[in-house]
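J.: One letter stands for each residue in the lines below.
Protein chains: 4
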Amino acid sequence: MRIPLSIGAIAGPGITLMAGRSVARGGLTMPEKLQVGIVGASGYGGVQLVRLLLDHPGVEIAFLGAHQNAGTPFGELYPQLAHRIDQVCEAIDIEQIAGRCEVVFLATPNGVAYTLAPPLLERGCRVFDLSADYRFVNLATYQTWYGGERQDTAVAREAVYGLPELYRERLRTARLVGCPGCYPTASLLAAAPLLKQGLIDPRSLIIDAKSGVSGAGRTLKTSSLFAEADSSVAAYNVARHRHIPEIEQICSELAGTEVQVQFTPHLIPMARGMLVTLYAQLRDPGLVSEDMLTIYAAFYRQSPAVQILASGVYPQTKWASGTNTCFIGLEVDPRTERVVVLSAVDNLVKGQSGQAIQAMNLNQGWEEMLGLPAVGFYP
Amino acid sequence: MRIPLSIGAIAGPGITLMAGRSVARGGLTMPEKLQVGIVGASGYGGVQLVRLLLDHPGVEIAFLGAHQNAGTPFGELYPQLAHRIDQVCEAIDIEQIAGRCEVVFLATPNGVAYTLAPPLLERGCRVFDLSADYRFVNLATYQTWYGGERQDTAVAREAVYGLPELYRERLRTARLVGCPGCYPTASLLAAAPLLKQGLIDPRSLIIDAKSGVSGAGRTLKTSSLFAEADSSVAAYNVARHRHIPEIEQICSELAGTEVQVQFTPHLIPMARGMLVTLYAQLRDPGLVSEDMLTIYAAFYRQSPAVQILASGVYPQTKWASGTNTCFIGLEVDPRTERVVVLSAVDNLVKGQSGQAIQAMNLNQGWEEMLGLPAVGFYP
Amino acid sequence: MRIPLSIGAIAGPGITLMAGRSVARGGLTMPEKLQVGIVGASGYGGVQLVRLLLDHPGVEIAFLGAHQNAGTPFGELYPQLAHRIDQVCEAIDIEQIAGRCEVVFLATPNGVAYTLAPPLLERGCRVFDLSADYRFVNLATYQTWYGGERQDTAVAREAVYGLPELYRERLRTARLVGCPGCYPTASLLAAAPLLKQGLIDPRSLIIDAKSGVSGAGRTLKTSSLFAEADSSVAAYNVARHRHIPEIEQICSELAGTEVQVQFTPHLIPMARGMLVTLYAQLRDPGLVSEDMLTIYAAFYRQSPAVQILASGVYPQTKWASGTNTCFIGLEVDPRTERVVVLSAVDNLVKGQSGQAIQAMNLNQGWEEMLGLPAVGFYP
Amino acid sequence: MRIPLSIGAIAGPGITLMAGRSVARGGLTMPEKLQVGIVGASGYGGVQLVRLLLDHPGVEIAFLGAHQNAGTPFGELYPQLAHRIDQVCEAIDIEQIAGRCEVVFLATPNGVAYTLAPPLLERGCRVFDLSADYRFVNLATYQTWYGGERQDTAVAREAVYGLPELYRERLRTARLVGCPGCYPTASLLAAAPLLKQGLIDPRSLIIDAKSGVSGAGRTLKTSSLFAEADSSVAAYNVARHRHIPEIEQICSELAGTEVQVQFTPHLIPMARGMLVTLYAQLRDPGLVSEDMLTIYAAFYRQSPAVQILASGVYPQTKWASGTNTCFIGLEVDPRTERVVVLSAVDNLVKGQSGQAIQAMNLNQGWEEMLGLPAVGFYP
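Chains as they are written, first to last, in the UniProt record's numbering: chain G, 1 to 379; chain E, 1 to 379; chain D, 1 to 379; chain V, 1 to 379.
Keep in mind that the hints were calculated from the coordinates and are not lab data. Treat the hints with caution; some may be incorrect.
Claimed, not checked - Sample of chain V residues lacking proximity to chain D, with all beta carbon distances greater than 10 angstroms (derived):
1. Asp55
2. Gly99
3. Gly147
4. Glu165
5. Gly198
6. Gln316
7. Ala374
8. Gly376
What the hints assert, rightly or not - Here are the in silico distance ranges between beta carbons for each label pair:
9. E:Arg203 x D:Lys196: 20 to 28 angstroms
10. D:Glu158 x G:Glu76: 45 to 53 angstroms
11. G:Gly99 x V:Ser311: 24 to 32 angstroms
12. G:Ser252 x V:Gln302: 43 to 51 angstroms
13. V:Ser311 x G:Thr222: 47 to 55 angstroms
14. G:Ser223 x D:Ala91: 53 to 61 angstroms
15. V:Ser311 x G:Ser223: 15 to 23 angstroms
16. D:Glu76 x V:Leu287: 41 to 49 angstroms
17. V:Asn237 x E:Ala140: 48 to 56 angstroms
18. V:Pro334 x G:Glu122: 41 to 49 angstroms
19. G:Glu290 x V:Gln302: 27 to 35 angstroms
Claimed, not checked - For the chain E half of the interface with chain D, some residues (derived, Cβ under 8 angstroms), not all of them:
20. Glu76
21. Glu228
22. Val238
23. Arg338
Predicted model, so just to flag it, every value in this text is computed and none were measured. Even glycine gets a Cβ: it sits at the ideal position worked out from N, Cα and C.
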């Protein structure tokens with residue numbers, strides 16, 4: 001009982017034209033829709049990609065890789081999708097993937113992507129990695145925080161950091177994209193205008209982050225059990241979370257000077273969503289909230305995925321749930337001469353899979369938010 | 001900072017054609033898109049309609065009625081929608097509504113619709129009422145359970161019960177539709193094949209329903225407070241819920257004999273979703289689960305909004321969250337000669353606003369699920 | 001920084017007297033307080049026992065057995081208890097346990113207790129088993145549902161079913177108690193008056209149970225993850241849950257005839273608590289709710305752990321949270337000639353550890369609710 | 001069906017002696033137990049007081065004031081307590097209260113206590129106010145943030161700030177106590193050692209607070225609805241919360257210099273609990289976490305209600321749920337030369353009613369934690 005996708009139903013010459021498929025790709029004759037593959041399809045990142053790409057007007061899923069579930073129909077892993085997808089999970093095979101896919105999303109654990117990306121690039125695929133493997137300019141930093149032996153220096157140097165709001169132009173032509181996760185996304189979108197415009201003391205950045213439990217993935221650990229996480233809030237990895245070096249790398253690049261952040265992640269009793277509360281000391285205490293909001297609105301005026309809220313309005317993570325939108329609100333405190341910025345995202349969409357698709361859209365010359373929900377359901 | 005809707009971006013002659021706008025409507029020259037109005041836009045039902053209709057390729061919102069919030073921009077009531085809609089809530093004015101809208105959705109409290117529908121119908125509008133006002137064939141029953149003085153017998157007699165899976169044909173031509181709410185929807189979709197095929201004892205029906213708290217709407221009541229409803233489950237209105245007569249009316253029509261149901265609603269600590277657990281005594285103890293699943297699949301083969309699960313799979317309400325899909329699983333218990341049917345819906349979509357839009361789609365000659373999400377996000 | 005227990009502070013000759021320690025136990029000179037051991041202390045059942053026994057005026061914890069955590073201070077497993085307990089988890093050693101403890105609580109997985117109970121009984125301990133091992137009169141039934149090879153027929157025959165409200169007298173002298181879990185407890189307390197008084201058709205019993213996620217224990221499984229269980233409700237093991245034979249065994253004993261129940265467990269997004277909604281066909285349709293409430297109140301007048309609610313009041317599981325109280329409300333439906341009974345317990349207290357302590361209190365000749373909370377916190 | 005309180009059962013001369021009732025109170029003949037009154041008993045603060053005082057061995061509830069519910073049995077407002085209390089709510093009448101009570105708890109909205117406390121004090125009662133009315137040394141500050149016309153300067157000057165860990169000695173003899181709420185309690189207990197010992201820059205304090213929804217009380221507001229607060233987190237009153245001046249007043253007193261705090265409250269989808277994450281710049285970057293933990297342990301060695309966690313352990317609010325304990329963990333970040341302190345309390349116990357009882361215990365010369373739970377249930 002497969003239903004025709006409403007959006008599928010209206011796909012036609014019009015849409016493919018709009019979807020810019022006339023753009024030559026190496027002069028090859030192209031299939032009607034972009035053929036994409038997902039490796040690591042059975043985790044939360046993977047199922048988000050499947051869900052979003054099924055409704056994406058420009059693509060077709062050509063490969064579903066799920067190491068441990070090879071041979072299992074995807075609809076058995078996620079029965080709620082059984083009526084929309086009849087593909088079967090496959091083992092990871094570079095030739096198979098490269099033979100069928102023009103674009104590959106890697107939703108694999110840290111340390112896997114750098115074994116898959118090089119051969120895939122060689123075979124002409126474009127690669128969007130959702131893990132930490134290609135987020136670091138300096139592989140030594142990667143190895144300090146994630147371990148492993150990296151030989152792929154050249155490949156890593158080519159990777160573009162997949163945050164469209166900051167690297168839009170480079171993403172249009174990238175072959176390899178290292179997509180940031182939820183903490184860096186929410187933190188960097190909140191901090192970027194401040195650092196880029198030199199509005200704050202770069203050593204005063206404090207980021208207090210609140211994450212939904214799905215951020216820990218579908219892996220089995222006691223702290224992710226409902227009975228442990230429900231009706232409770234707690235911090236973890238205080239002053240030692242792996243996302244600190246990644247956030248500092250991009251912040252420093254934005255500021256043009258070394259930036260140090262105090263980062264504290266907290267687990268919140270909700271499945272989805274992330275809120276970042278950012279504190280920073282203003283260089284010019286004269287600025288008021290309205291000025292700052294204008295600066296933010298200008299900074300993100302080309303960015304459909306970022307919505308700046310009205311003065312006095314602060315984001316609720318629920319507003320972003322299921323969407324690729326980041327909501328930002330802020331308050332300048334004249335008393336303390338600090339700015340407090342609040343940014344909310346869905347940790348699994350704008351904070352993960354949606355962001356990778358947004359980068360792919362740019363990379364394909366398509367409209368940035370194509371196929372990505374901008375409005376969540378509420379309540 | 002308004003973003004072009006990806007789906008809007010691909011709307012064009014193709015889509016309007018597909019959307020069957022060539023269907024003559026009184027020979028009038030029609031605007032490109034169907035002009036719809038929403039009365040009662042500020043409640044949960046209303047904001048769902050706004051959200052879904054904003055992404056619907058065939059319609060345009062021409063009127064937003066919100067009694068208490070007249071004059072307030074909708075984006076102030078729901079800041080998460082501010083970047084998608086700049087309309088202002090208006091006071092209820094029949095001439096204004098009828099002048100601008102071809103279709104009107106009434107998301108008003110019980111007892112309001114029957115004062116608005118008659119004049120709107122007179123002025124040529126099609127009316128989809130989400131309240132209880134037009135769900136009863138017999139107005140005496142309505143008055144017993146909801147009170148009020150009804151003079152609109154003729155109009156009420158014309159109303160079609162807005163459950164597409166049971167009244168598809170009549171909905172294609174209806175001028176007035178009384179859309180069922182979440183409890184009747186989940187209950188009737190679970191019971192229909194059993195009653196229609198005479199598979200059960202019509203007096204043995206027990207419906208144990210579990211509802212998310214949003215079912216109580218946005219009205220302020222102590223029982224809807226987070227601190228009261230969280231981490232707790234309780235029954236309410238045992239043996240006296242207002243939806244009992246409505247469920248029995250349709251069940252009796254399906255069975256061709258008077259059906260009596262035992263209905264117990266429960267409040268579950270979740271915002272969205274509804275699960276119905278239905279128990280009934282089988283007439284033929286020989287039937288096994290697989291037979292029954294085949295019967296259900298056949299019964300709903302024309303119904304894109306209903307998904308029958310595989311044997312041994314039972315629905316989670318989360319699967320339906322944000323979608324217009326009803327998931328149904330079941331088990332025949334040979335020991336007790338009963339069937340246990342489980343049906344899950346999103347109480348605010350398939351259980352309310354999405355269902356009204358599904359009825360409108362049919363009524364417009366469009367694809368039944370046009371503009372309605374079929375896949376929820378997970379987790 | 002250990003704080004004197006307020007209740008400890010008021011312990012003295014008075015209390016030990018009251019606690020009936022004058023009761024001879026083999027003429028031995030006894031320590032001031034009853035020495036108890038807990039085997040399987042690191043799971044949810046175990047930590048509940050530790051928490052409750054720490055505040056119990058009559059006992060002292062003499063042994064903490066935790067197989068996998070032997071050698072670890074209990075306060076490291078549960079830091080919130082570190083200021084109250086400095087004992088270290090030990091490996092299971094029959095001689096050690098019997099040498100130090102007069103009473104032993106077994107909070108081990110099914111299939112372990114029947115290897116530990118016999119040797120402990122031989123050595124003079126009284127044993128309270130929280131698993132399924134000693135709940136069945138007929139070991140064949142146990143083996144059908146739980147597997148394993150049982151040789152301990154004689155021992156099993158001696159075991160008393162640990163539901164104080166039904167087996168109070170036998171528990172006063174029992175050496176071995178098989179304590180029921182949450183589903184049977186909530187179900188049997190709701191059904192007992194109906195069956196004992198022959199008020200219902202014994203084949204019409206339908207039990208729709210709603211359980212908090214902690215009922216699945218601290219074991220790691222995907223369905224217990226926060227992101228899976230949150231904001232969702234679903235049924236599981238429909239018509240095949242292991243507690244069915246146990247519930248039917250006691251129901252049949254109460255009714256004096258074979259009783260068959262339709263039992264459907266559901267997982268609710270809350271950590272603690274259980275609600276049972278019971279449906280049954282009345283033999284005498286003349287009974288009204290008030291009569292039935294009087295019958296229940298009389299049936300439980302000697303039972304401090306059961307509270308019958310006023311007419312029209314239905315229990316919220318939150319009321320029972322953290323307590324050893326079972327709240328019961330009901331409604332007789334004259335239309336359908338059925339009774340709907342609602343019973344709420346804390347699945348980990350009255351549904352597990354608190355119940356075992358209540359049985360121990362009776363067994364020691366103490367006040368039944370000694371050391372057991374009767375009032376939960378709210379909200 | 002009233003059950004004898006296990007603790008009641010063991011009350012006797014011993015306990016009253018222990019409870020220090022020999023302390024002369026104006027040479028009057030005293031009743032066996034301290035007679036206490038609660039004004040504002042129907043709100044969350046009130047019901048917590050009732051629950052805790054019912055189990056308190058030294059007191060007896062002599063008056064239950066509930067303005068809007070005068071005449072209603074308390075057990076009707078909270079059916080889960082019906083088996084434990086048969087008192088009826090009464091209208092507020094100074095003579096009635098003073099005639100029956102030696103100690104009065106005021107759980108009334110801000111602005112009410114200062115009309116009740118003066119006449120009650122005149123009549124010899126001791127008053128514990130849970131509102132903001134008596135927390136300020138300077139009434140002008142109160143009026144700036146809370147409005148109203150205060151004439152009771154002398155009375156206000158006499159009030160003692162009810163945080164036992166900081167004002168233990170003064171509380172022993174106080175006649176009027178202004179008990180702090182959850183935000184100041186969690187914040188001040190986290191900050192006190194740092195400020196008292198001059199370990200941090202007094203202008204660098206940033207307090208990021210996370211509160212359960214019950215903190216908003218039982219008042220009906222949209223933001224407190226389950227469907228709004230569930231599965232979401234958001235900040236509110238950024239840089240303008242009423243608790244800022246109160247926190248700064250005590251911090252300044254501790255530091256002996258003017259302290260300014262950046263305070264951001266957040267609403268977390270849980271009913272109970274509060275976590276404060278405090279950030280401050282260290283004066284001596286040489287300090288390591290272990291040193292700091294030693295300093296905290298020493299600072300609170302006389303404080304049974306504060307538990308300092310081991311190095312690397314951070315509190316979960318669930319650990320404190322239902323208890324009067326504050327759990328504190330911390331981390332010194334040598335990279336940023338900041339200390340991050342985490343403190344968790346139950347917002348309605350240590351953050352409200354339990355704290356008032358703790359102050360009463362001290363005031364009565366009783367053991368500080370008498371009748372107050374030190375161990376929460378888990379999970």
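J.: Hint numbers the structure violates, sorted upward?
T.: 1, 6, 7, 8, 11, 13, 14, 16, 19, 20
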